[in-house]
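**Student:** One letter stands for each residue in the lines below.
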Amino acid sequence: MDRNDSFREFVAGHQQALMRTAYLLTGDAHQAEDLLQSVLLKVLGRWSRLSRVEHPEAYARKALVNQHISWRQRRVRSEFPTAEPPDRLYSSEDSTVVRLVMLRALMRLPPRQRAVIVLRYYEDRTERETAELMNCSIGTVKSQAHYALARLRELAPELAPKLADIEAEEAYR
Amino acid sequence: MTWLRNVLVDLADDSPQVDLAERTIAAHHRRRRTVISYLAAAMVVVVSLGVTAAVRLLPDGPQEAASVGDLPARGAGPLSHAYKTFCKPVSGKAPAGCRDGGWRVVTRSGKTYHVPEALPSLAPGRTGLRDSPLAISRDGWKIAYYSAKEGTFQVRDLASGQKTTAATKVPKTQLGSISRLMLSDDGRFVAFSKVPDFKDPALIVDMRDGNVRELPNRWVPIGLSQDGATITLAEYSPRSRLRTISHLWSSSSKGDTTSVILPVDYRFSPLAPDGKTVAVIEDRSTAEKPCRHGNLALMDTLTGEKRKTTVISGLPSDVSQISLRTWLSGEKVTALTMSVRCRPASEVPDDEPAVIDPPYQTMTAYAVNVRTGKARKLATYRAQDFFGIVMPGPPGAL
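Going down the list, the sequences are from chains S and D.
Our numbering puts the first residue of the first sequence at 2, with every later residue one more than the last.
Our numbering puts the first residue of the second sequence at 223, with every later residue one more than the last.
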């Protein structure tokens, strides 16, 4: 199997999971594609070495998170979803509305806080794994997660009770 | 925790379903191929300008006219080639009057025209590639392209200006990141294929009778019999294969298919005029020794058997890449070449940024006699890469 074949196999096996994370980090389909494409270019550039390591996807995931953070720090904040939650009374159990409200709130978080939320609560990573992926200390992960949840409660007051429950659970973990 | 995870999983379900493998490999190859030794490039330009001055018969040197107009409604001459323009090359200049992602056609007499009807190869706002292919008939008098207005393929006769539009619409989303188009000699059939190969099929369209037949995607159409009933397809990646489908339009069957898997990787010419042979060059590239290739050979499309191997003579020693194109006669095939420095993977810095628009570079076409291997220079062109330049006749498969 040549270099491109083994890379294709890698992409076939991992791109959808990486794309889902990229989408949560960027909140936009085109930006998620751009982000993942740039990461895969890096991966392919190093493929002769990465293909010999046990988990090349770990490198890709780490590159994804850090590329997102560095891109977001350089770019203007221009990608907030434009759709507003419906102007009516609604239940915080309505999954479509909850999704819309959460996406809006998530996109308003600074990039590091957004990454912590995605890694800790979507990918279900431990604090140590999250710290390794983000190149920071466990303490930073803890504080960023705390600030992120607090900020989400402000940005999405209708979801605040459920978000508060999560932080309470965290305290006992 | 579970609630938040469920919400995030719900959100992630909206993520795009895109296969980025081929796009990434193509972008990576473009970047690697276009690392030119600038000194060598400058020398090539100087030499080609000298040749332009000396050999007036060749459509050499800068191919864009001082001002490029739109393709006239009728009365344009036969074409020598077409090329795609992206306007923000990482170095050097874009052609004058550049239209981002647009196609230009160049007549044998050297006149250059935009093709405004052809869909540009960029999504609006430069947010991504959306390849929009173009093909030229073997006699140079007709072109096929994806019409932005009609939302499907269109064939245009350059002399009369007559346009024929496919009866079936083809969504832009089916155009893929690398696409190929083949126009039959009489302009009646248009075959389209692309990568990545999702569930949407490749197509061959009968422009006269309005029939459409599905083909397998990823396979490059490299030849069609005169009656349009037998198509030859080639696949160069991930493994080189040839496939022939006959009785294409038979209502009682899906056609008869013959496939052959080749033991090594090849680059293929279009189907030779005899209808059963292709010229091939073995691709011996590796990560550390990119751009290595073998000798020229003739191959039977049905059996994959190599019939004759020839050493090409008469090419400059710095030619690093060859793409086989139009057959000029039963014995001569066009070899489009580039002289670029191909860096081993270990020389490419890990943090080197990706090049989206490579610089324009000089390509030189030679007529290569497949019996003797002798190459004779035909013309030089400027384009960004082999995917961005089209010559008359079916495409070859890189």
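It is possible that some hints are incorrect.
Stated by the list, open to error - Each pair of labels, with its calculated beta carbon distance range:
1) D:542 with S:130: 43 to 53 angstroms
2) S:136 with D:313: 52 to 62 angstroms
3) S:7 with D:423: 42 to 52 angstroms
4) S:13 with D:433: 31 to 41 angstroms
5) D:451 with S:13: 43 to 53 angstroms
6) S:162 with D:508: 38 to 48 angstroms
7) D:361 with S:7: 21 to 31 angstroms
8) D:538 with S:55: 39 to 49 angstroms
Since the hints were made in silico from the structure, they are not lab data.
The model shown is predicted, which means the values in this text are computed figures rather than measured ones.
Cβ atoms here follow ideal geometry from the backbone N, Cα and C, with glycine treated the same way.
**Student:** For each hint, tell me whether it holds in the structure or not.
**Tutor:** Going through the hints against the structure:
no., hint, in the structure
1, D:542 with S:130: 43 to 53 angstroms, "44 angstroms, holds"
2, S:136 with D:313: 52 to 62 angstroms, "33 angstroms, violated"
3, S:7 with D:423: 42 to 52 angstroms, "28 angstroms, violated"
4, S:13 with D:433: 31 to 41 angstroms, "34 angstroms, holds"
5, D:451 with S:13: 43 to 53 angstroms, "35 angstroms, violated"
6, S:162 with D:508: 38 to 48 angstroms, "59 angstroms, violated"
7, D:361 with S:7: 21 to 31 angstroms, "43 angstroms, violated"
8, D:538 with S:55: 39 to 49 angstroms, "45 angstroms, holds"
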